[in-house]
Every structure is written in structure tokens, then in C-alpha cells.
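Chemist: Make a model of the complete structure from these sequences and hints.
Protein chains: 2
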Amino acid sequence: MRVFNFSAGPAALPEEVLRQAADEMLDWHGSGMGVMEMSHRGPEFMQIHSEALLDLRELMQVPASHQILFLQGGGIGENAIVPLNLFGTKPRADFVITGSWSQKSQKEALKYGAAHIAATGRTEAGFTHSPARSEWKLSDDPAYVHLCTNETIDGVETFEIPDLGDIPLVADASSHILSRPMDIAKYGVLYGGAQKNIGMAGVTVVIVREDLLDRAMALCPSAFEWKTVAANNSMYNTPPTYAIYIAGLVFKWLKRQGGLTAIEARNIEKAQLLYDTIDASSFYVNKVERRARSRMNVPFFLADETRNDDFLAGAKARGLLQLKGHKSVGGMRASIYNAVPLEAVQALVEYMKEFEAKHA
Amino acid sequence: MRVFNFSAGPAALPEEVLRQAADEMLDWHGSGMGVMEMSHRGPEFMQIHSEALLDLRELMQVPASHQILFLQGGGIGENAIVPLNLFGTKPRADFVITGSWSQKSQKEALKYGAAHIAATGRTEAGFTHSPARSEWKLSDDPAYVHLCTNETIDGVETFEIPDLGDIPLVADASSHILSRPMDIAKYGVLYGGAQKNIGMAGVTVVIVREDLLDRAMALCPSAFEWKTVAANNSMYNTPPTYAIYIAGLVFKWLKRQGGLTAIEARNIEKAQLLYDTIDASSFYVNKVERRARSRMNVPFFLADETRNDDFLAGAKARGLLQLKGHKSVGGMRASIYNAVPLEAVQALVEYMKEFEAKHA
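From first to last, the protein sequence lines are chains A and B.
All letters in the first sequence, in the order written, are residues 114 to 473 by this note's numbering.
All letters in the second sequence, in the order written, are residues 114 to 473 by this note's numbering.
By construction, these hints were calculated from the structure, which means they are not laboratory data.
Cross-link-like lysine-lysine pairs, in silico, DSSO-like; alpha carbons within 27 Å at most: (1) A:Lys340 - B:Lys440; (2) B:Lys220 - A:Lys224; (3) A:Lys440 - A:Lys429; (4) B:Lys340 - A:Lys220; (5) A:Lys340 - A:Lys217; (6) A:Lys340 - B:Lys220; (7) A:Lys340 - B:Lys217; (8) A:Lys224 - B:Lys224; (9) B:Lys440 - B:Lys466; (10) A:Lys220 - A:Lys440; (11) A:Lys217 - B:Lys340; (12) A:Lys299 - A:Lys217; (13) A:Lys224 - B:Lys203; (14) B:Lys250 - B:Lys400; (15) B:Lys220 - B:Lys299.
Quick look at which bits of chain A chain B covers, simulated, 3 or more residues with Cβ under 8 Å: (16) 133-141; (17) 214-226; (18) 343-351; (19) 355-361.
Glycine included, C-beta positions come from ideal geometry on N, C-alpha and C.
Modeler: So, in C-alpha cells, the structure goes:
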């Protein structure tokens, strides 16, 4: 029996994708080889690779001004890789802190230069606020402004993306990439680890505007230097071929679902159902301001936290898994990525109501 | 029909491993989740992860003085990650050049400090020689000596590993790790990308002596700083979970084969059969000195290179794939890693003899 998996990542994948991957494991399209076994330079994998890039470009409507790269190291890797690639001439950047992940990004950037905090969404209740552009205090001529557009741990999503003129905006979109259409032209760089909405852990998508490819520090490792990666079509070093294949299967699944506009409608429905359930009750609480509530990661707390273990045990007994909140904030968290079906959220809210009725 | 796959990497995997992975794709051991979907912090994946580490330690007889890390970025990533981790106090190292890969390692290290060439195996015929210790001209007090113990492109393997006393030896063993027992105590660091003998592309195994964990440069990215990775049991950032799972299945397959002593005997038999066929003929030639011939990667040339395309087309028609040599050296190359069965080599030499009989 398949469970309903609310993991924050690595996370649920579409069953269709997993079935196809299993079917093709020993023999991809009559090649006599599994995808894991293919040379990354051979025609079979080159086809997989280029289809994945084309499908992603189409899904996200990536403009011709931007390149799509496949790297390794995930979001935490990018925390260093971004300054290594953009601090070549101006070793300073501004950070908008909306939660735990942007905090980490700012701290790591300090290794490579100045990392000015332009705004913070921390309140007495924790990270509950996404500062609007009017609250950002930018420094003089930064190399870029960094923003984590969806904070996985804190459940804070930023929906309004300002125009910064000549200052490149760099977005960590790891946990909501592909959840809705985004205007890529607004970003200098947008990146995301795969293990939420893209596929399996082990590949990082980096979308970078071409004029930013020439700003690396001299000691940026070649395998992580965007310019080198771009010049080699993401094959400067052996790419994580199977992770790219799985991502490609997810992209095709997304296209069958109707693309990002259709998936956004489903994501809104799922998130609304869950937030409505929380808001209708005094038994559960979510502290994030409404305009910044994440559609992907929904943290919530039981008013009576002594019941946390009971809640989790009862959920597990029904096949509702991975609902424990991140250790740094406690409580519960339901991650409801693209591949989590509406039925999972329906089963969760039904359980929440029953648990409340029993214990309120 | 499965082909015989002589790819240099990503490369053939054991059928048993692929079958098990396919069987478990949607539901690992009754968990209701596939391995790709599991939180890396959950008990299911923690078990997979710790078993992989234990099995690898047992297979390679890794002493307690050394830690085993799982990183990302492959061998080319390590070309930067090694100096970033070892140049903290002494930004200089020595390189023994045995082929194309050690050349790349030396060049990348120049970004971070001095990279002295202590010896080279290049001859008029290309890289055909592995310099003995007596030929190494070490500099004064280097941070380490780097050696690529098996050169995938040139087919040069180093079997005699000298004792360097207090100078740490750093080995890129990407393309022959797990092919035979190695005395890990002789190495300060031994690393390898997974896509030859370990599993699928996307995870790098780094075995590092504990006293070397404290020598990183200040600007080493946290996700690639061995000390940080070690302190977090290779989970500082989200690890490439599925690649670790596949590696773990390969480790268990290797144990069922009888471990590294048994696999070495099979690898000797396979390599001997192929080299004997080459040496018995004037139609085929391998230029590497006999004591340094790789058991994993066997480059060979047709005396009449105008027949190269014919040779490859005929091989393909028999299901003998990926025999084209690396573009930098030309000719042919048969990579005969652990998962390539003796039957594949038998089929290859049979074809080589027939091709020779027809065209000689």
C-alpha cells in the first residue's frame, strides 16, 4: 500500500513517474541498457538530457536570455556557489531574510565577501513575514540581492517579486519551483534542488541570465562555475544522469497535467483546504501572515503541544506520514508538493478534524 | 535484450541490482514509499545509509583511522575540493601525472596554490608509463602528493603504492575502486566518483584520514568541507539518497560475489583474456607498459585505423557497445568493470579474432 507522504524533501513523486522508471530500469527504449548504465556522451542519454532541458524551458517559459544548467550540491551547495560565481568584481551582496534557509545563505556568503541583511521577516512569533520591497534597505551597488522565495521550514512564500533595475535578483526557489508560473525575466538567477518538485535528490537546476556568466571569482571550482558548466551543456563533469532522467519524467508528467497554470490551480485548492481547516479551529494554529503563506509547506501547531506525539501516531496509523515539523521550529508541517494529491490533503484534514473532536 | 556494455562510465551495473531497484521503486520494504521519496532524516533512509557505509567499510577494510564520506561533484569536483580541504596551512602539493585525469587534477589545483609536477608517465607513445617512486621528484614539504591510481582514458593503472612517511598520499581511484583489495592505511585520502564500480553517477565516495579533516581553506564551501560533512554523517546538505541506495545494493552484490579478493580474481581473468588477445596479434595494439596495464580500462588500436568504423559497426551489430576510444586518444577502449561479466569479454575477443581473420 502506498502511503500519503508529506515529507519536506526528498518528497513524494508521481506514481506514474515511478512506474515508468521501474519499467525502464533494465532496458530504456530497446537500447539494451538501463539509464544508469548509459554513457552521458551517448545518443540515448543526450536525447534524455536535451528533452529534459526543452521541457523545463517550455514549462517555466524560460526566456532565451537565460540558460538552464544542471549542477550538483543542492541549495546548500549553491549558498557558496552563488557568491563564487557572482563576487568576481563586486564581493558583496544583500540578503532578504525570510526564514531559516535565507539565513544560511547569508551566513555562507560571508566566507566570500560582504553579506548585508537588507530586511528580515523575523517577528516575535518567528519567521512569519515576507518583507515588501518598501522594507528592503539595499546597500550601495551590491553584486546581487538574494531572496529565498519559499522557506521550507517556516512556510513563508514570497509572491510579489520587485523589479530591482540593474541589480540582479537571485532566488532560491528550491521548495516551490514548478508549483506555479513565475516570470523568469525578473530573476538574474533562480535555482532549486530537485528533491521537492523536480525529482530525486542529487541534481540542482540553476537558471541564469547569460550576462551573469562572466562574474566568477578566480577560485570558483570549475565543476561549479556556471560559465564552464554552460559552455559544456552541463557536461563539464559527469552529470547526475539518473536524476536528470527522473526530472525529465516529472517534466513530462507536469505537461500531461496541463502545465504550471493547471498545477497552480490544484496547489491553490490543496493549500486552501488545509489553511481553512487550520483557521476554522482554535485547536490548530499557523502563525504566518496570510499574504505570505506557503502553498507548498504548511507548518501548524497544536494549541496543546503535549498532544504532538499522539497526533503523529494517529496520523501514521492512517498512512499519513512525515508530518513532524522541522526540529528548529517544532510542531507539525505538511509539505504538499505537486505530486501530493488532493486526496492526501483531504485525508489529512479529515484526520485533523477527528483528532480535534476527540481531544478538544 | 541486454547488451554487453563496455562504457567507461556511467557503466554497466549488475542485473540483480537493477532488478531489485525496479522491484522496490514504489514501495521499499513495506514502507509505502519509494527510496527516492524518503526523507533523508527518516528511519528508512538512515538504515539504507548506515548499511551502505558499513558494507563499504567491510568490503574495503577501511581502518578506524579513516572516515567514509558521501559527497557530490565526482572526480572533477574533487579536483577543486581536495586542495580546498588540504591547502589551509600549506597551499602547495605535488602531482604524479599518469594520464589525462591527473593532468586535469594538477591544472585545477593551480587555482588554489602551487601544483608541482613530481613525475610524468608521458612518453612518445602518449601516457604509457606509471613512474615508480624512484622517479618521483617531490618538492619540499608539500601538503600532499596526488596520484590517479587508474587512468580511465589512457588505461594506466598503478599497482605499487609507496610509503611517503608523513606526506599524505591523495588518490583518485574513481575508475578502479572496489576492483581489488587496497591497503587504505597507505592513503591520506582516496576518492572516487560512483559511475564506474560503485553505482550510478551523482555520488562521490571520499575516504579520508581523520587527522586531515582540519586543514581546509577558509573559503572551502561548507557542503564540500570534509570536516563539516564528516561531523554531519554526510548529511550536512541533502545527500543524493537514491545514488547512495544504489551504491548500497552494489556493495551487497559485491559481498555475495565473495568480496574484493574474489572480484579481483575475476577481473584478472577478464583483463588477461583481452590483453592476451591483443598481444597475440599484430592487428591490435595496446601501448601501455605491461606492469601498468589497467585491469578496468583497456585501450587498444587497430594497426589499420581506416577500419575503425567497420570494427565499431560490426561490434554494435553483435550487441558489443561503447567500444569507441576517448576522443583525446582515439582507437578503441573496452572498460571491463566489476559488473561486466566474463561472457562479455569472451564475446569481444571472439569478435576481435573474427574481425582480424576477415581483414588481416
